[in-house]
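K.L.:
The hints should help you fit chain B onto chain A, whose structure is shown.
Listed below, chain by chain, are the residues.
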Amino acid sequence: MPGYILEANHLVKQYGALTAVNDVSFAVEEGEIFGLLGPNGAGKSTAIAILSGLFPPTSGGAAIGGLDVVHNLAKVKQIIGVVPQDLALYPTLSGRENVRFFGELYGLRGKGLQTRVDEVLGYVGMQERANDRVQTYSGGMKRRINLAAGLVNHPRLLFLDEPTVGVDPQSRNHIFESVARLNREQGMSILYTTHYMEEAERLCHRVGIIDRGKLIALDTPRRLIAALGGGIIQLGLATMDEAARAAIEALPAVRSATFATESTMKSAASRPAEVVMPVQANSKAVLKIEASHNNDALLQVLHYCNEADVEILSLDLLEPNLETVFLNLTGKSLRD
Amino acid sequence: MHILAVWLKDLKLLLRDRGEMASLFLMPLAFILPICLAFPANGYNLTEDRKPGLPVANFDVTGGQPGEHAQTLLDSLAESYTLEHNLTRADAAAFSAEVQAICATTGPSCDEVTARARVALDWRTAAVVIPAGFSNAIDAGESISVTLLYNPSRNSAERQLVEGVLTGGAMRVSIEQQLLNGLEQFGDLLDLAPEEIQTNIRASNGGDAPPAAPTLAPAIAVVSVQPGAVRITTQPNTLQQTIPGYTVMFIYFLIGTVVASVQLERNTGVLRRLLVTPMSKSALLAGKILSALVIGVLQVAAMFAVGAIFFGLTLGNAPGALVVLTIAVVLSAVCIGLAAAAYRIERGLTIMLIVGALIAGCAFPADWLPPFLRTINIALPQTWAMQGYQDLITRGMGFGAVLPEIGVLLGFAAIFFGLAVRKFDWEG
Chain A
1 MPGYILEANH
11 LVKQYGALTA
21 VNDVSFAVEE
31 GEIFGLLGPN
41 GAGKSTAIAI
51 LSGLFPPTSG
61 GAAIGGLDVV
71 HNLAKVKQII
81 GVVPQDLALY
91 PTLSGRENVR
101 FFGELYGLRG
111 KGLQTRVDEV
121 LGYVGMQERA
131 NDRVQTYSGG
141 MKRRINLAAG
151 LVNHPRLLFL
161 DEPTVGVDPQ
171 SRNHIFESVA
181 RLNREQGMSI
191 LYTTHYMEEA
201 ERLCHRVGII
211 DRGKLIALDT
221 PRRLIAALGG
231 GIIQLGLATM
241 DEAARAAIEA
251 LPAVRSATFA
261 TESTMKSAAS
271 RPAEVVMPVQ
281 ANSKAVLKIE
291 ASHNNDALLQ
301 VLHYCNEADV
311 EILSLDLLEP
321 NLETVFLNLT
331 GKSLRD
Chain B
337 MHILAVWLKD
347 LKLLLRDRGE
357 MASLFLMPLA
367 FILPICLAFP
377 ANGYNLTEDR
387 KPGLPVANFD
397 VTGGQPGEHA
407 QTLLDSLAES
417 YTLEHNLTRA
427 DAAAFSAEVQ
437 AICATTGPSC
447 DEVTARARVA
457 LDWRTAAVVI
467 PAGFSNAIDA
477 GESISVTLLY
487 NPSRNSAERQ
497 LVEGVLTGGA
507 MRVSIEQQLL
517 NGLEQFGDLL
527 DLAPEEIQTN
537 IRASNGGDAP
547 PAAPTLAPAI
557 AVVSVQPGAV
567 RITTQPNTLQ
577 QTIPGYTVMF
587 IYFLIGTVVA
597 SVQLERNTGV
607 LRRLLVTPMS
617 KSALLAGKIL
627 SALVIGVLQV
637 AAMFAVGAIF
647 FGLTLGNAPG
657 ALVVLTIAVV
667 LSAVCIGLAA
677 AAYRIERGLT
687 IMLIVGALIA
697 GCAFPADWLP
707 PFLRTINIAL
717 PQTWAMQGYQ
727 DLITRGMGFG
737 AVLPEIGVLL
747 GFAAIFFGLA
757 VRKFDWEG
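Residue numbers (the working numbering), protein chains in the order written: chain A, 1 to 336; chain B, 337 to 764.
Source of the hints: derived by calculation from the structure; they are not laboratory data.
Each residue gets a CB set at the ideal place from its N, CA and C atoms; glycine is no exception.
One or more hints might be untrue.
DSS-like mimics (lysine-lysine), calculated; alpha carbons at most 30 Å apart, straight line [said to hold, decoys possible]:
hint, chain 1, residue 1, chain 2, residue 2
1, B, Lys759, B, Lys387
2, A, Lys111, B, Lys617
3, A, Lys332, A, Lys111
4, B, Lys387, A, Lys75
Quick list of simulated restraints, FRET-style, between CB atoms [said to hold, decoys possible]:
hint, chain 1, residue 1, chain 2, residue 2, range
5, B, Leu340, A, Asn72, 22 to 28 Å
6, B, Thr686, A, Ala17, 36 to 42 Å
7, A, Gly16, B, Phe735, 49 to 55 Å
8, B, Gly355, A, Ala226, 54 to 60 Å
9, A, Asn72, B, Trp762, 48 to 54 Å
The following block holds chain A by itself, in its conformation from the complex (with noise of 0.2 Å):
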């Protein structure tokens, strides 16, 4: 039985009418990188606002170490760190005065706030502009900063709320190699939000797929990808052909067939993993093909298609992925 930093337990934050968070269940182990997959709006700053006691829920419940996050917040804060998705910094204290700032809201003081300031700065490897003002930086380094500041009171749940958003290359592979280094060599626990499936996969032990308000996927990201299967095809066709799409779902090497709207359709193949044809405007219909073998399956479908005289306007083969995963599951991008 695994020891969890966090459980949340049927969340619910509504604003008037609109449901932001929306019965959501989730527990994040000790020692764990834990990942929110969803796109913008889809309530994973909400989630971790609940969760770090900056508001609390509509109902339902949570507990960081033990602690109830509503009636224990004073000591659940001591235990976090929060990294928010805004540059919370001030832009004309050095980078060593923001970190220094935040962590005497911790209590740390003298020597040891000093030893800890240099420990954070170094670990973001933002020692040498230090003591230069933040609005002299760039925005990769921005973030290395408000990194750093979420680190201050060595943490042992940090929640990091989209730390990679307008970063450059350099600063993006600082920060996944200073969340992994975090996580591998002080066991730091980790809840980490992002839109980017590359990150999720690429960081996370599990990931929590959200979508307005709604967990709807959790697991690990191989087992998440391994349960779709060998990947999606789009076809776009002439016509919304009813008696195509039951052949074609009958094919072996295929698990499912369904006609996808033409908005959907274009925002899925904005990004495709391969583009083997692409996309026209005057598509009618966009036939979502959800294959257990890619290859086996796009055979027989270009089979059948040129047996019943089928045509085929594009075609998009998508590699299996965590962005096609959250296809499969919302009908839509994570970008969108």
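P.N.:
Using the frame of chain A, we list chain B on its own:
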């Protein structure tokens, strides 16, 4: 300790914000320095050779014309002053409805009530009231008094100057009359002289002398009195008006500074980040108030230091009261700033602050304003701040005198702090 951390951080942020620092420290100096250099220290007297005004109410009127001796006295005063009499309702527009009602008819009654109001408001050092029957009394050799209304809080030398001119004028009238009486008595004596001598003297005098009527010499007394039943004020000189005035005007620019500080934390997401740390909301607000308080007190100290060192401004007799008043003034500004931030009043602040400062009498004495503005300006903290500084610096009063102002300013601070806490959007 959290308060200390927030205080030091906010202080650093403010001191590094060149725009805010310029607006808080350089802008008031930009007004204070040229005005204090351009105007004489003792007032806004643009034409130094112009005669000062002297309100006069002359009740010695016969057939619509001043009595003979009243006219002599007026002529005498007019050599040194611009006489302010024969006023109309328009001249009384700045005063109370009661004064305006009396001034519905032009005449000495209007002149007198207007004179009293002007002296009470310290627009004039003194005023003269010539009683009815003044000329007849002098002719009859009776004692008569001329009243000098004066403002006791005003520089006594100025009052003595008016008294001197008035006494001189009264003496002139008195001496002329005594000479005439002497001549008449001389005529009586002449009747006793030989006929030839009487003829020669009368011929050289241009005709027959009037019949002798020996009288007593008239005694004209100048009675100095204070106008009653009104609050006596003292008008500040240029330094006493300009230095506290522009200091107060720009202290309240701290409102914008506090708004900008909260806005920065809200817009960058720092506010949300602060709230997930162990720091309490009250510590956050207290730290913010303390840092702005320090800046505000430094601002006042800098302006008054410039006034004292470069222009010789005296800061009154109660330095402790000055410090407490300053803290109350700055606290009111900071708490209004917090409330403005809570209600997200971020635009148009500057124009509101400038208009408020003008109405409150920061740029010129509030007594120059029409009555309705002097009524509504009590709703402005700048008015109380200015009144407090004027009581201490201009009128040399003590701690007890400015307690009401301090109380009102702390009341402003408490009310706006309450509004800020109630409305503050902690979720950003």
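K.L.:
Now tell me if each hint is right for this structure.
P.N.:
Here is what the structure says about each hint:
no.: 1; hint: Lys759(B) with Lys387(B); verdict: violated (57 Å)
no.: 2; hint: Lys111(A) with Lys617(B); verdict: holds (27 Å)
no.: 3; hint: Lys332(A) with Lys111(A); verdict: violated (52 Å)
no.: 4; hint: Lys387(B) with Lys75(A); verdict: violated (77 Å)
no.: 5; hint: Leu340(B) with Asn72(A): 22 to 28 Å; verdict: holds (26 Å)
no.: 6; hint: Thr686(B) with Ala17(A): 36 to 42 Å; verdict: holds (39 Å)
no.: 7; hint: Gly16(A) with Phe735(B): 49 to 55 Å; verdict: holds (54 Å)
no.: 8; hint: Gly355(B) with Ala226(A): 54 to 60 Å; verdict: holds (58 Å)
no.: 9; hint: Asn72(A) with Trp762(B): 48 to 54 Å; verdict: violated (19 Å)
Of the numbered hints given earlier, the model fails hints 1, 3, 4, 9; all others are met.
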